[in-house]
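Between the sequences and the hints, there should be enough to build the whole structure, so can you do that?
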Amino acid sequence: MTIDKELVNYVAHLARIELNPQELEKLSNQLRVILDFINKLNTAKIEDIPTTSYVLDLSNVTRPDIPKVSLSAQEALDNTKFKEGNFFIVPKIIE
Amino acid sequence: MDYEIVIGLEVHIQLSTRTKVFCGCSTDFGKEPNTQVCPVCLGLPGVLPVLNQTALDYSIIVGLALNCTISEFSRFDRKHYYYPDLPKNYQISQYEYPLCQNGFLDININDQPKRIRIRRVHLEEDAGKLLHQESISLIDYNRTGMPLLEIVTEPDISSPDEAYEYLLLLKSIIKYLGVSDCDMEKGSLRCDANISVRRFGEKELGTKTELKNMNSFKAVKDALSYEANRQIDLLRQGLSVVQETRLWNPEQEITVAMRSKEEAKDYRYFPEPDLPPLYFKQEYIQKLKNRIPELPDKKYRRFLTEYNLRPMDAQVLVAERDDAEYAEQCLQRFKGKDRRIVINWLIGPLSSEANERKLRICQLNVSVEGFLNLLELIEQGRLSQLAAKQVLKEMINTGKGAQEIIKSRDLEQISDTTYLESVVAEVVASNPKTCQDYQQGKENALMFLVGQVMKKTKGKANPQLVQELLRNKLTN
Amino acid sequence: MIEPCTLTAHELMRRLINKELSFAELLTSLKNRIRLFDNKINAYVRKNDVCSAASAAEISPSGLSIPVSLKDNICTKGNNTECCSKILAGFKPPYDATVVAKLKAHGLPIFEYKLNMDEFAFGSSTENSCFGPTRNPWDLERVAGGSSGGAAAAVASGEAIWALGSDTGGSIRQPASFCGVVGLKPTYGRVSRYGLIAFASSLDQIGPITKDVRDCAFLLKLISGYDPLDSTTKDIPVPDYTQSLDPWVKDIKIGIPKEYFVKGLDPEVKDIVEEAIEFLKKLGAKVKEVSLPHTEYAVAVYYIIATAEASSNLARFDGVQYGLRSLPKEGHSHEPRTVAMYKKTRGDGFGEEAKRRILLGTFALSHGYYDAYYLRALKVRTLIKKDFDRVFEEFDCIVTPTSPTVAFYIGERAQDPLSMYLSDVYTISANLAGIPAISLPCGFTKKGLPVGLQIISRPFNEELLLRVAFSYEDNTPWHTMQPYLKPPQEDFLGELRG
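Chains as they are written, first to last, in my numbering: chain V, 1 to 95; chain G, 1001 to 1476; chain Y, 2001 to 2498.
It should be emphasised that the hints constitute simulated quantities derived from the structure, not laboratory data.
Positions of the beta carbon are idealized from the N, C-alpha and C atoms, including for glycine.
The hints are all genuine.
Short, incomplete list of chain V residues facing chain Y, as computed with Cβ under 10 Å:
| hint | residue |
| --- | --- |
| 1 | Ala15 |
| 2 | Ile17 |
| 3 | Glu18 |
| 4 | Val55 |
| 5 | Leu77 |
Written as structure tokens, this is what we have:
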């Protein structure tokens, strides 16, 4: 399987990253090389091998249903200038 | 009809835990925007989720009540999509290993039971709320992170009516469990539908459309009706149904395709690394099973046989769990002659008072004893039905008992025959013409005379008794 | 005259308690050091940004008050934490990371400037920072390593007493080895990740970067422990790691993995590490060759899993609530305005390496490729972990070089991402298996560049790591050596301790 610009463009869209033509060219080439290297995983023998999604033997970790203090709206909105009253704002979303 | 309808429903219910599913923010409704948020539900850099034990308990309780198998192993997955109401641009949900699977609900349709299979029940976090203005959209994250339970049926539903019945039953079960208030207006119950049609006998499913924006059970029924007809019309004309998402427009009562062209969504699910997996032991499941009360359909069938109720009455009494328990207490502890008075008064005056005040019966501040006491007075003839209704109102408003109210308002009905005979005699003597009219066949004349007796006794005479005494006197 | 800022934390504690030194003097020493040398080294970022600095009033002078410097991905309440990325410019977290809260609870002041790093910890050289690279104090033309390059360089040059970095594939250990200091990656689940801006959730750990093993043990003890805010921390007691400093390795069984001593390992590094291993033998350890047969797959597995998790963790950077927001011009694109805003913000805000990793990770998780890449990598991860489990049944620890080379020149590998990735080959496996590992200096090449020795052990066995490391360190001079830093002409401070 090869990485071509069309695929990279599609993946960039999935990841919501805008690439200019030079970036697209450069990244396509680099990703091709990297993926070629990664394809060596195909030689590993993985029949009947389970996945490791969790490296610790933890399970059933929960917390009690007890309320904690929340942030104030001011604290929540402090990191942006794009706000109106107690709301965050973005350009209008058309459904 | 040469076509049949195939419907699957996806219901989201917001669990009534005290805190959100992955953080300790309160779940109170209706607060100022962005005041019920914390770094975790805002998805700020560096934060981590921690699962709410009660949300987990509630989810499994629902699964058990819906006859599901509780998976031995379960875990959360990340579901990726970009939208401003989703702070992390992924939702913590469940994909491959949901909490509960393969359950069912038996609905009653046309007096026949029908099984609707439940494919899965899983737990996930809610997104925020968007408010659209002319050139901007406003975001309120209070709702982000609220615990949502998603309940998905198999496409076993065959008509809009069945869908409606399914929703009613599902809601009553969940309310019985006390894990959600299932209020579509408040948004704690949401429903999306998938619908397709096919010729009778065809095995393959037709192309389905997804319906959204139905804000009441009736809207679900209407939207499904409209859409079924729309699809059938298309097929009859030799056209095909487009697989798309359509929104219900309640003003025009039509479904409309969503404006934005939808691309096939790639959610890039993978196991949520920040939350260790879940393994369920039998003891834990059993403990939760023991917390499940008698569910509405079972209680309904029991009320029919045990208290000899009419189906209509049983349905009303069973509708709300705490009211059903109140009603049952009344039925069991009533020491009078005929239980019908209990049923009539529960369904009649008591329910009206409750509805008027937008409360449930058990919230009216009338104890079971107090209510039964009132009914006894009516049975004994010491209180007329009309007066009793007044007394009931006052019992609710003041919290006082029936006896006390009767005394202070002098409402006790007069059923003393001797006394009433004397009043009757007085009225007969003062109205010779009317008596003659009655004796000559004018029935209505009697009513006038009854009225006169009521007036003389300030409305306290037992009207049935007065009628009886008058008839006796005048037919002799 | 010894500059206080070049002393170890434990020595400074002694002097502070004995009133041989005041806290103000210590702080002045640090600040002077930075003023003199950081223009060249560039270990700290945003030094001129007044609002980004912690207020001095927070510092409470007590015997324990040795300021800790933090990597720019550890959240401090009210102070800029930006992962050295344009997309997080100006971000002030409204909360402290758990490790920060723990330090504060013990009275340790948090140093006001943050340490340079590869953007979002993506890198092995700190060349991917939006604030420019950190230079190696031992040779300013070379990299300090990455992604905790700022931390390692600061500790090596006396610009920091001690520091906290983060390690996902070697980001504490490799820069520690390049800069001749000590760096430890704890067992996954030993230290809370709450407040660490995530790179790869199943691999990240915060850990100490220090001048010697004793300081490392002390700092590790302070930051370790179960955290109710992090579901992936293990609820087991934290030993007093300072009690592990027992220079006794007799009969400790050390395995030397043959797969780590193959082509690609610099011959000078190989010799120096083998000498160190011989030294451990002389001290009484039992050394034997072992095999970790799936080592050849480690880098590939890492670059699937880590980038997949990173692509997910970085999805939240979209300009909506904080950081950079780029608005496209009207008519710039046919897409909905919020989509265009996301794309432009992320296009403008992420550096090249970040884009590379996000794209790779997104690809590995996407429909049609998930099974062949992500799922497969998770299975090979099991094989790698099992390799270690097997060795640790018989051996107490494994010793390897930390890195195949010493610090390379700035710019040397920047154009070849794959060669950069391959430099992580010795450190990556410990993250994949979730096991603890330490790097400490074990010698210098002819060009005067530090070489790092790595010790790896089974989960929650940091005590053994510290003991073996301390035994080695206590009998060798490497940890006492400091780089010569040429003062700027106009302000000659005098000799530095040699």
